[in-house]
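Q: In order, the protein sequence lines correspond to chains A and B.
140 is the number of the first residue of the first sequence in the numbering used here; add one for each residue after it.
140 is the number of the first residue of the second sequence in the numbering used here; add one for each residue after it.
Just so you know, the hints here were simulated from the structure itself, not pulled from any lab data.
Note that the structure is predicted; figures quoted are calculated from it, not measured.
Where a beta carbon is used, it is the ideal one built from N, C-alpha and C, also for glycine.
Certain hints may be false.
[To be verified] Stretches of chain B that chain A covers, calculated by requiring three or more beta carbons in the stretch to come under 8 Å of a beta carbon on chain A:
id: 1; segment: 163–172
id: 2; segment: 235–241
id: 3; segment: 342–354
id: 4; segment: 376–388
Spelled out from the first residue to the last, the chains are:
Number of protein chains: 2
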Amino acid sequence: MPQPRPVDDAATAQGGRRPGMTDVARLAGVSQKTVSRVINGERYVSDNIRQRVLRAAQQLGYRRNTAARALITGRFRRIGFVSLGTADYGPASLLIALERATRAAGFSFTVATTLEGGHDKISDAIRWLLEQGIDGIVISEPVDEGEKLEIDPGVPVLSFGKLPGLSGSHVVFGGADGVAAARTATEHLLELGHDTVWHLAGPQRWWAARDRREGWRRALDDAGATPPPLAEGDWSPASGYKAGTALASDPSMTAVFVANDEMAIGMIRALNEAGRAVPDDVSVIGFDDIPSAAYLSPPLTTMRQDFEAVAAHGLDLLIQQIEGTSAEPDSKPLRTDFPADLIVRQSAAAPSHDRRNDAPSRKEVQ
Amino acid sequence: MPQPRPVDDAATAQGGRRPGMTDVARLAGVSQKTVSRVINGERYVSDNIRQRVLRAAQQLGYRRNTAARALITGRFRRIGFVSLGTADYGPASLLIALERATRAAGFSFTVATTLEGGHDKISDAIRWLLEQGIDGIVISEPVDEGEKLEIDPGVPVLSFGKLPGLSGSHVVFGGADGVAAARTATEHLLELGHDTVWHLAGPQRWWAARDRREGWRRALDDAGATPPPLAEGDWSPASGYKAGTALASDPSMTAVFVANDEMAIGMIRALNEAGRAVPDDVSVIGFDDIPSAAYLSPPLTTMRQDFEAVAAHGLDLLIQQIEGTSAEPDSKPLRTDFPADLIVRQSAAAPSHDRRNDAPSRKEVQ
DNA sequence: GCACACTCTGACTACGTTGTCATAGCGTCC
DNA sequence: GGACGCTATGACAACGTAGTCAGAGTGTGC
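Input sequences plus hints: build the corresponding full structure.
A: Pasting the structure below:
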């Protein structure tokens, strides 16, 4: 402090300094501690004084100093969010849903992205967040980076999928059940009469992508269908296009379950260019139900997840961990049964050899 | 603290308490202040001691306490980001680009969303962020909510578009120049030979939407074209579809500039259903260049913005404001010339009455 | 009328860091 | 060889809040 603070200025805090509880207290004619009680809504404050303090706070434009509060409580009321930093619909939706849930719980929400494939890994993002001061971490898109993560076991972590390195107090939360969802999609295609179902998977470093592959695989096994070779993309339409070009030449392929809608768009385009119509020659099911899915040509049959519910429940678990509320081991409502909905549109149909009406109506949307 | 802290435990901090500089100092055999110097990379510390301190810090797993630091410095090194909370490509991309730029500048990045149209307005989000303790605010999607915002003039604010209530120290930054971009798109259609160009605008409460409308309007005026009535959507494919259905019946409409790609998708579908082919009967240009744009049918001609550059420059201005570096009024490099690129694909073509080759090739992608 | 519980308020202190100032050692200049 | 500057270190205060504890006031029961 350059100057030793102008004497002890009048009732209101002058000098441009942000007012603190002490200033409010002076104006209201009470002690700083009483202001603290009012601000925190504690009991044992008379209405009379409460009003006076609130008025003074209002008048001075008082805002609580989070730093001082965090310093003494040791809690930041702040959640860190690790994201791969893609603008894709799924991750972006989850981010938003989690921010809402976080704020509703009275926590603030700090984001750290990690360039996919770059040098900047999940552990770096976590380290950065820990340096910022947070009470818990959410890893929304767990990716297996080969090396085992070293996460401080004292920090509550919510991961939407298993991740090597998680243990102890970390919460691993399935989130929307990707296995079941993928199974639903695959079964839908089988029920339409397709002999088997191809799969364009997401990058297998992603646990979400592995889950979907697993669900696809199980559905085929249960139905006794022969699993065709697996194709793998990187979630982008470009990778879907590339895979579609490769697959299009195989006349036995009549149905594909694509791990996300974006890749499905690329896939459909490649199929069309190769002269194979969707769904007349090939049925395609996507995943995510992006907003434009209903308006594509053809409107995309896809799986829709309830991000809001998943985020709210996952965050609930994390906050229990942070507050230490989940001491009793019996009170673990670890729901993983957030089913995804099959949204039937027009990109999947019965294979042409046993279809009755030769083409589905194209007029109906959604 | 319930118990008065176990005496003054050995060199290493026991008792589960997180180690502080004092603990590191004790272990290294120096004063706490010296540890502070080492951690902050200050000068005037001998290499010998620096090494000893770093080793001790490492050994204890020391992490600096941001709260204590913020308390005394009065700076949080934290940027607040106000978003409308949609998972759309544009806003999501800007969020990610800003997070990257923010972290690169050594600031952390806290998000607050505000439900569009809900009771939860921008000012609420700002108030929340201020309570969390931040040094500056970014408003990525400024929306005119009717009421004038009351923003503390002492808080640096970066807004990607004008907003009533901004003044003083607030930075209003054009970002990518929506007016120029819209003009480019419109002129492209005019140059293709269309008599005039329709416009499906975004919600006019958004400044970004107003900019695009303005650019469209100016291009028409300059060309002496008659401006057709304005249609307005809400950025969603559904609203594009609705507008498209309404517009399709007008045979004079041969070219539309749509304010974002999502609406363009809905628009194209509606036109197709009404029997009007794109681009044979109607040309459509979108805005954003979403990843799937190249793989739609037809591949979408659209405008691409450089979010990275815009975010980096905008954040630069904000941080200058925060650090008070921009005292000299001459050093204001307020660039607003981030041009958007016209990405020519196949959804826009010459009007059929003067087209030479009757249909463009559909094979080429991107 | 005394004990006791409950309500309300304030004094004091600790949280972990950085800013200020003091001081000691050492080399350099004239 | 004294003055001076530079390097290196530590003692101490201060930031604004919440926790602890003490104490004053006000019933309530017997």
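Q: Against this structure, judge whether each hint is valid.
A: Results for each hint:
1. 163–172: violated (count 0)
2. 235–241: With 3 residues in contact (Cβ-Cβ under 8 Å with chain A), the coverage given for the segment 235–241 of chain B holds.
3. 342–354: violated (count 0)
4. 376–388: holds (count 4)
In this structure, the earlier hints numbered 1, 3 are contradicted, and the remaining ones agree with it.
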